[in-house]
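Novice: Sequence:
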Amino acid sequence: MNRKVIIGLLMLLVSFGAMAKKKSPKREMRAVWVATVANIDWPSKTGLSVENQKKEMIALLDQHKKNGMNAIIFQIRPATDAFYQSPYEPWSQWLSGEQGIAPDPIYDPLEFAIEECHKRAIELHAWLNPYRAIFDDAVTKTDSMHITNVHPEWFLKYGKHRYFNPGLQETRDHFAKIVGDVVRRYDVDAIHFDDYFYPYKIRKTPFPDSLAFVKNGGEFYPDRIDDWRRNNVNLVIKQVSDTIKSIKPWMPFGISPFGVWRNKDMDKSGSKTKAGQTNYDDLYADVLLWLKNDWIDYVTPQIYWHIGKKVADHRIIAKWWRKNSFGKPCYIGHGAYRLNSKSKVKAWRNSDQIIRQIRMVRRLKGLDGSMFFSSKSFTKNLEGINEKLIDNVYANMAIVPENRNIKAIVPNIPVGIKFNQTNSSLEWDGTDLAKLYVVYRFKKGSKVNLNHANKIIGLTVNSSFKLNEEDKGYKYVVTSLSRTNTESDPSMEVIR
787 MNRKVIIGLL
797 MLLVSFGAMA
807 KKKSPKREMR
817 AVWVATVANI
827 DWPSKTGLSV
837 ENQKKEMIAL
847 LDQHKKNGMN
857 AIIFQIRPAT
867 DAFYQSPYEP
877 WSQWLSGEQG
887 IAPDPIYDPL
897 EFAIEECHKR
907 AIELHAWLNP
917 YRAIFDDAVT
927 KTDSMHITNV
937 HPEWFLKYGK
947 HRYFNPGLQE
957 TRDHFAKIVG
967 DVVRRYDVDA
977 IHFDDYFYPY
987 KIRKTPFPDS
997 LAFVKNGGEF
1007 YPDRIDDWRR
1017 NNVNLVIKQV
1027 SDTIKSIKPW
1037 MPFGISPFGV
1047 WRNKDMDKSG
1057 SKTKAGQTNY
1067 DDLYADVLLW
1077 LKNDWIDYVT
1087 PQIYWHIGKK
1097 VADHRIIAKW
1107 WRKNSFGKPC
1117 YIGHGAYRLN
1127 SKSKVKAWRN
1137 SDQIIRQIRM
1147 VRRLKGLDGS
1157 MFFSSKSFTK
1167 NLEGINEKLI
1177 DNVYANMAIV
1187 PENRNIKAIV
1197 PNIPVGIKFN
1207 QTNSSLEWDG
1217 TDLAKLYVVY
1227 RFKKGSKVNL
1237 NHANKIIGLT
1247 VNSSFKLNEE
1257 DKGYKYVVTS
1267 LSRTNTESDP
1277 SMEVIR
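Residue numbers (this note's numbering): 787 to 1282.
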């Protein structure tokens, strides 16, 4: 191949790369799950000093910000314990190594994470597990005030775990109280549950809730125990939703269910899959009912399989959820943890699989972005995933989508905008109802058009933004972003 052909191909590749960056959406969820259970993501191990816990959190958030993420799904209640100062549940064992032991010196990990996320213009969704009470019943030493010791009659053992009995109103009331406390006291941006409702089934081991069914089965007794179980979960979802909205009507409540609702051979409305377990039939999670009834505000199906997998094709399942999200934002859950150059599945040996999935989400109109499990996939930079995001699909910043299920809070337009020559900063007056400000840069003489992601140069919680030396010779506008991610009209133009 001669030199001219090579140069031509290189220029073509650069051009395609630039086009890909330019075409990235301005509105797109880009979130990462930060799991605390068993120290999966943070802290890296129990017993770390408070200083090192904070350092790890800062490094983790810096990496995600660099990667282009705009939300963190932070697990604050992995097993009826707390990564925050709870008046109802003990400090988590995955902080100190012993349940009930507070950080020393005392600090609030959730408050710290919120503050650090918001500094970086990153949302924090508080992730709670509703039913899991003890992660490993054989080895976990529970605090004397742990709810399993205060009300042992509320709990059932299944496998190695101990769970709240979903058939009891007392357990629903307790959990709604926990969620209400978090919503009331903390500046979180959303409440989030994952796929753990009724536990995944253990072969030849029935879930031990027959006594509760006899006592509380009502109209479902004696032959509709599956419907009764689904109704139990429906009741807690509705109660939690009502609790959140009674305190902060603007706050989204999101669910991240197992990837398959039902297989088509079980229900003509189901997906063309052959999953061994499903939400509806095995976890008793009727997610479509929650979406239809407006009990939840977004859905993130965990589609942790590759594109082309025979029994559970990522593309087929994503398309199914797009059609069945009842107008709610639908974000796709990606299994970044599967990336491994030695994987038995060829598709996961290269991070291109994740990039393909992100691009597919963008092509399928009606999907609103991505969430990735889990954080350590990026702190470990599995198969070079960070560089693929930074240099390619997430080269431009993106704003979290406006939630179609929630009444918009319209923020005021920033006023008093000016360029401060002394410190090379744009400055403006802070506005009511603004949680963030969006800074746009345009060429002199060009029309201000807020629809393009590549015009955004900054997201900030401050009413100022420092410009770089290369930012000379442009004009700038600033918009406000409210709690519902509703954007104001642009400010007056400023030329530097």
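Think of the hints as simulated: they come from the structure by calculation, not from any bench. Be a bit skeptical, because a hint or two may be false.
Stated by the list, open to error - Each pair of labels, with its calculated beta carbon distance range:
1) Asp1138 / Asn1191: 28 to 36 angstroms
2) Gln871 / Asp1275: 39 to 47 angstroms
3) Leu1150 / Val1247: 43 to 51 angstroms
Glycine included, C-beta positions come from ideal geometry on N, C-alpha and C.
Novice: Each hint should be assessed against the structure and marked as holding or not.
Specialist: Hints versus structure:
{"no.": "1", "hint": "Asp1138 / Asn1191: 28 to 36 angstroms", "verdict": "holds (34 angstroms)"}
{"no.": "2", "hint": "Gln871 / Asp1275: 39 to 47 angstroms", "verdict": "holds (40 angstroms)"}
{"no.": "3", "hint": "Leu1150 / Val1247: 43 to 51 angstroms", "verdict": "violated (32 angstroms)"}
In summary, the structure is inconsistent with hint 3 from the numbered list given earlier, while agreeing with all the others.
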